[in-house]
Amino acid sequence: MEYDFIVAGGGLVGSAIAYGLARQKHRVAVLDGGDRSFRASRGNFGLVWVQGKGADFAPYAQWTGLAAGLWPRFVEELETETGVVIDYQRSGGMHFCLNGAEWDERVQEMEKVRQHTNGSFTYEMLNHAQLKKQIPQISRAVVGASYSPLDGHVNPLYLLQALQQGMDYHKVHYFPGQSIDRIETQQGGFLVHSTQGTLSAEKIVICAGLDNRRLGEMLGMDIPVIVDRGQIMITERMQPFLNLPTLHVRQTAEGTVQIGYSHEDAGLDDGTSPSVLKTLAGRAVSMFPLLARVNLVRAWGALRVMTPDHNPIYQQSASCPGAFAVTCHSGVTLAAMHAGPVAGWIAGSSELDLVNQFSTDRFNVSPA
Amino acid sequence: MFRLLEDSATDTVTVRIEDREYDVPAGISVAAAVLLCAVNKLRNTPVSGSPRLPYCMMGICFDCLVSIDGVPNRQACQVEVAQNMTIEYQQGAAELQQRE
Amino acid sequence: MKSHYELLVVGAGPAGLAASADAARLGIDVALVDEQKAPGGQIYRNASESADRAQVYLGKDYLRGKRLVDEFLQSRATYINNASVWYLDDRLETGILVDGASHFISADRLLLASGAQERPMPLPGWQLPGVMTAGAGQILLKSAAMVPTGRLVLAGGGPLLLLIAWQYLQAGVEIEAIIDTTPGAGLLATLPRLARALPALDYLLKGLSFILAIKKAGVPVYKAIDTLRAEGRESIESVSFSTVRGKRRVEVSIETDTLLLHQGVIANIRLPLAAGCEVEWDAQQQGWKVIRDIWGQSSANQVFVAGDCAGIVGARAGELQGRLGALEIAYQLHRIDLRQRNRAAQGIQKSLKRHLSIRPLLDALYAPSKAYQLPHDETLVCRCEEVYAGQIRQAIRMGCIGPNQVKAFTRCGMGPCQGCLCGSTVAALVADETGATMEQVGYFRVRPPFKPITLGELADT
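Chains as they are written, first to last, in the working numbering: chain A, 1 to 368; chain B, 1 to 100; chain C, 1 to 461.
Take the hints with a grain of salt, since some may be wrong.
As the list claims (entries may be wrong) - List time: in silico DSS-like cross-link candidates among lysine-lysine, alpha-carbon distance up to 27 Å:
#	chain 1	residue 1	chain 2	residue 2
1	C	Lys-247	C	Lys-60
2	C	Lys-350	C	Lys-206
3	A	Lys-278	C	Lys-451
4	C	Lys-206	C	Lys-60
5	C	Lys-60	C	Lys-216
6	C	Lys-2	A	Lys-278
7	C	Lys-206	C	Lys-247
8	C	Lys-223	C	Lys-247
9	C	Lys-247	B	Lys-41
10	C	Lys-451	B	Lys-41
11	C	Lys-451	C	Lys-37
Calculated directly from the structure, the hints in this document are not laboratory data.
Next comes chain A alone, as it looks inside the complex (with noise of 0.2 Å):
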């Protein structure tokens, strides 16, 4: 076998699996799509973000809670291997509330959270007077916030060239370009024929976002995957104003301000629709009244990869064993995770017990 591990998708997802395996000195090739593919990793909002998370699935609450923990070590080594400064900050983050009824909704699932965790997650629900002092531009419209100051950001984009700069420190050898048509298993191993011709490791992680159903297939796996399309717009740079990443409005180290988000079904179109743009504009013109006179800079549609219950899926393959599934939609926060235990774990170096509750049982079991 050529490699140990072929990874299939080179996003934020498969490059952290990637260079986490090969940080554990494994022989990786990564197969990734090409310019214009589907790519949620581009998409992103760039949020390190656990209040919420998991509200009604306690290990994701859990798993969630363990990835931002191992995020300030994770940025100081990949940082340290590269020198691709990627902005990330633990600044705390905050959630607004419009009115009562959604302050209601937000105490409930922070409380969720909190126990789901053992009350290692922490968090303060701030009235509208406790925000204005941290953040004086806020409008008379938001009510409060939840605050947790586990939540920061990082510039998603960074974070991915870092870790295509990790990879190539760690001879990752990386294949851009490449659509998969077939893959084989054989006596210890697997085939992978693809744009490049076929490659072979003894074991295979895909990492394909949307293409995990069909790879998927080819390994004995059923993965549920389900498209979700958001939509985010950019401004111009401005001033530094917000110090905190909140779930629809953040600064970043640029000056340029992220606006999102949304969730649709609009299939595989990946492109934007006035409506939206024009919901997330007065979202965050309500919240911040000073954004109402800065310039859009650019719009776009990213599709998510969602599963039936939005929770990640870590799967081996019970038929092609050596074959696994990752797909999940928070490709940054938990970036340190796939980097560090999860690569481990596929790697079989080391236990990770919590992984086995994302298994795609979950979704097979029948109703009482």
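Got chain A sorted already, so can you dock chains B and C onto it with the hints?
Frame of chain A, contents of chains B and C only:
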């Protein structure tokens, strides 16, 4: 930098560029006025701080971004001068706080 | 302004004006949107007002613009000026910003005539104050009767550079030097094209008259240029390059207050791309063009293109393409029958053929130099985000096989100009580094807004 070709007595308007007033022909763009008044820059870029003046004059390069009547980041080549208009240089990125 | 028209035309240059006037005459409910105050586009900018001046130094071609503008203004077409198209997608939702208010207009047919832009000419120091495009110089001349003071140098190549040199000389402006960067196809290579261009003899004679005027005025013209650069601290102070003198290559430096650059024009394909039109690479023109039939219908449903936005054809041919588009649209909307369409098209087609016959020769004569499409590592490529050619090459070597990945890794093309000033360079660098064709490399994915809009204006749409 630039001069008017004809001294034909066209209507003029008075604009303020930074702290000086200038009479310029009515109907020309702010970018043209700036070039006519021989100021040496419109802005310093938010990235490196390097000075810039209008480049394409047709609205595509965004090098002529300037603050006009208190509104930052306007394309000087796309805005016509008006009586008592105030034009101010931009140092890097604009402030979110704006005068009304 | 209504929320629906039978035909929406974007751009009030020759193609858009002719298409709108003809469509209106054929009984179509047509609206023309344009971002300028007055009709004319870039080529006939301000044509209705500066006609007097035109006689003296703008040249008689410019007068044609006034006739076209008058024809349009006298038609029943709705004219929406000072209006920018900030949004367009493949469902043909067209967002227009007028006086700080955004409106959406739908139409049965869309005709894009959004024109051309100058091909970016990245060279060291091109971002310095005092360096502008030749087109910018011309806009100042046409719209404000302004000419450079101090020492003026023109650099690059192409008909527009000759034209503005001639116009400046007519207006009594001194030119310090012209730096001709065209590689020069050589007489042998151009001969066959010369023969094909004979029907458009007037173009050739006009070009020749410009060259003679420049010669007569004694303007030094430098050729065989290498390492052209603009130098200065806070603004341009000099332009330097090497050239061949006798058999030796010598360094020349000319003190300069204004440097105007030009290396041809390229189609502004952003709106066609946004509407879903397929494009192809034209190796002869070194630019993209929109795939279209003889009437200007693109691959996108209900979308027509006319004039330079679909591939460089020049003002006169653009006008004729606009007229053909109007005919086909009138036919599709049942205003005329097939015979009427074909009859009316006959003369236009013939004339169009004549005006297009000059193109291959012009493209060959004024092919842009590789040096300013594949700049040295130390040259700024993205003026907005300040990304240098070296950084782009590094990203490509890391595995970026297309402009969108280069953009994601370097921020090149992410600034307010949305890649207008770097897109062609990035694609050329990717093609050069990877050995792929331009067609394989492709272009930046276009995303709205296509013109500035504030979040407040968007929220109030």
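Structure-based check of all given hints:
no., hint, verdict
1, C/Lys-247 to C/Lys-60, "violated, 42 Å"
2, C/Lys-350 to C/Lys-206, "holds, 21 Å"
3, A/Lys-278 to C/Lys-451, "holds, 16 Å"
4, C/Lys-206 to C/Lys-60, "holds, 11 Å"
5, C/Lys-60 to C/Lys-216, "holds, 21 Å"
6, C/Lys-2 to A/Lys-278, "holds, 20 Å"
7, C/Lys-206 to C/Lys-247, "violated, 33 Å"
8, C/Lys-223 to C/Lys-247, "holds, 13 Å"
9, C/Lys-247 to B/Lys-41, "violated, 42 Å"
10, C/Lys-451 to B/Lys-41, "holds, 24 Å"
11, C/Lys-451 to C/Lys-37, "holds, 16 Å"
Hint violations for this structure: numbers 1, 7, 9, all remaining hints satisfied.
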